[in-house]
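Asker: So the chains spell out like this:
There are 2 protein chains.
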Amino acid sequence: MQKPNIRPKPVKAISLADQVENNLIEYLNNNNLKAGDPLPKETELAEYLGVSRNVVREALSRLRMLGMIESKKRKGMVLSEPDLLSGVERVLYPNILSEESMKDIFELRLVLEVGMADLIFARLTEESIKSLEDIANREARDPGTNKLKTRLKYEISFHSKLYEMTGNNTLKRFQSMLLPVFNYMMEVESTLEHKPESGKISHFDLIETLKTGTPSNFRKNMREHLTPHYDRL
Amino acid sequence: MQKPNIRPKPVKAISLADQVENNLIEYLNNNNLKAGDPLPKETELAEYLGVSRNVVREALSRLRMLGMIESKKRKGMVLSEPDLLSGVERVLYPNILSEESMKDIFELRLVLEVGMADLIFARLTEESIKSLEDIANREARDPGTNKLKTRLKYEISFHSKLYEMTGNNTLKRFQSMLLPVFNYMMEVESTLEHKPESGKISHFDLIETLKTGTPSNFRKNMREHLTPHYDRL
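Going line by line, the protein sequences match chains A and B.
Numbering follows UniProt numbering, with no gaps: position 150 of the first sequence is 150.
Numbering follows UniProt numbering, with no gaps: position 130 of the second sequence is 130.
Accuracy of the hints is not assured; some may be wrong.
Calculated pairs, DSBU-like style, for lysine-lysine (alpha carbon to alpha carbon, straight line, at most 30 Å) [unchecked claim]:
| # | chain 1 | residue 1 | chain 2 | residue 2 |
| --- | --- | --- | --- | --- |
| 1 | A | Lys153 | B | Lys34 |
| 2 | A | Lys220 | B | Lys200 |
| 3 | B | Lys34 | A | Lys172 |
| 4 | B | Lys211 | B | Lys200 |
| 5 | A | Lys172 | B | Lys172 |
| 6 | A | Lys200 | B | Lys34 |
Restraint-style ranges between C-beta atoms, simulated for each label pair [said to hold, decoys possible]:
| # | chain 1 | residue 1 | chain 2 | residue 2 | range |
| --- | --- | --- | --- | --- | --- |
| 7 | B | Glu89 | A | Tyr184 | 18 to 28 Å |
| 8 | A | Ser98 | B | Asn31 | 12 to 22 Å |
| 9 | A | Gly144 | B | Arg53 | 22 to 32 Å |
| 10 | A | Asn183 | B | Asn22 | 14 to 24 Å |
| 11 | B | Thr191 | A | Asn23 | 47 to 57 Å |
| 12 | A | Lys211 | B | Arg232 | 48 to 58 Å |
| 13 | B | Ile129 | A | Thr191 | 34 to 44 Å |
| 14 | A | Asn169 | B | Thr212 | 37 to 47 Å |
| 15 | B | Lys200 | A | Thr191 | 40 to 50 Å |
Hints are computed from structural coordinates only; laboratory data are not their basis.
Cβ coordinates follow ideal geometry from the N, Cα and C atoms, glycine included.
Take the sequences, apply the hints, and build the full model.
Answerer: Shown next, in the form of structure tokens:
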């Protein structure tokens, strides 16, 4: 066990499964395989990569987890369109993430919501404006909005609707995955001695901007709406 | 094999490894384990989950791939801060992604670059402005900018620097991962019969805005700079 350590700094050991996984992904990419194309059999892959079937199975299991391959009845393993965000989804646990990552993610929210104005304007419909109005009206009538939990509920449903209105599924899913982190950060904010004050632009103001304004007005007003959070940068 | 199919729509089969993976993640989260905390041994986990060691090993391999656990000498397996984006990184192959996902990702770029103005202004330094100027000057002097490849090179190095200036590592890494997709989309644009024209705002104009303007000016000018891409929404 007592090996001399002459390395300047420790490097992460790459396991056999890591190597086989990398080689497999490289293989798929280099052979220009498309979704639906069949993969070689486990035994063939094991021979080709010079490793045991167990190791191949482990690497395939990882790719299956990422949605890059799936097993089809009668056809065997085929390549599939990977799920871009499933890997992120699995690790998003506020308990486990560092403060630094949480802060990064919270900032990402501020960036996305100010930046997505053009997408919203390009794709908004009367129905979607109506949904926003419903949420804002319910919020205005709710006697419980002095409670953080109630305020958060309306905040989330209003802003989630905006993401949906971008018509960009990746963006929408990204946001719903990040929600636990947003919640956590807003709960932290609420325990601060100097609580962030509400912005000058309300949800109703944002709706009015969508109806009569431009993407540029909307960016300005959304930035103003998010001021309490921006002030903490 | 001939089972009656009374399900209204097919559901994806959940493999044993998927279940064990989910149970393990749930276990880590419910027990409020933090980075650095040791995990139970493989044999203990197998007993606790009622599955074979092989299945536990497969699930652990997946978590290791996501950076959620690592093996330490003498300490055994410990929980580690997961790498938020490693799962995305692995599946980002323009060859394999659908047109729809590629379009989503390209739009995400437009959203991020217009939205990140406040982060850039909060954290810019004289050195970072100097780096942007160096890139823009080299671009202006390069005789090869009529070639797409050369133009793309400067475009990427200028915009990557802006992401770096946000001081948000998750954002910066996200961008560098998405680069292959950006490149692909810009190559597609360049083959179109009606090529998008250049925006009215140059890299030099953007630098001037960083020096003497406000985040709001910058958002406006960046939006203008990206107009050729926005026109394709």
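Asker: Hint by hint, where does the structure go against what was stated? Just the numbers, ascending.
Answerer: 6, 9, 11, 12
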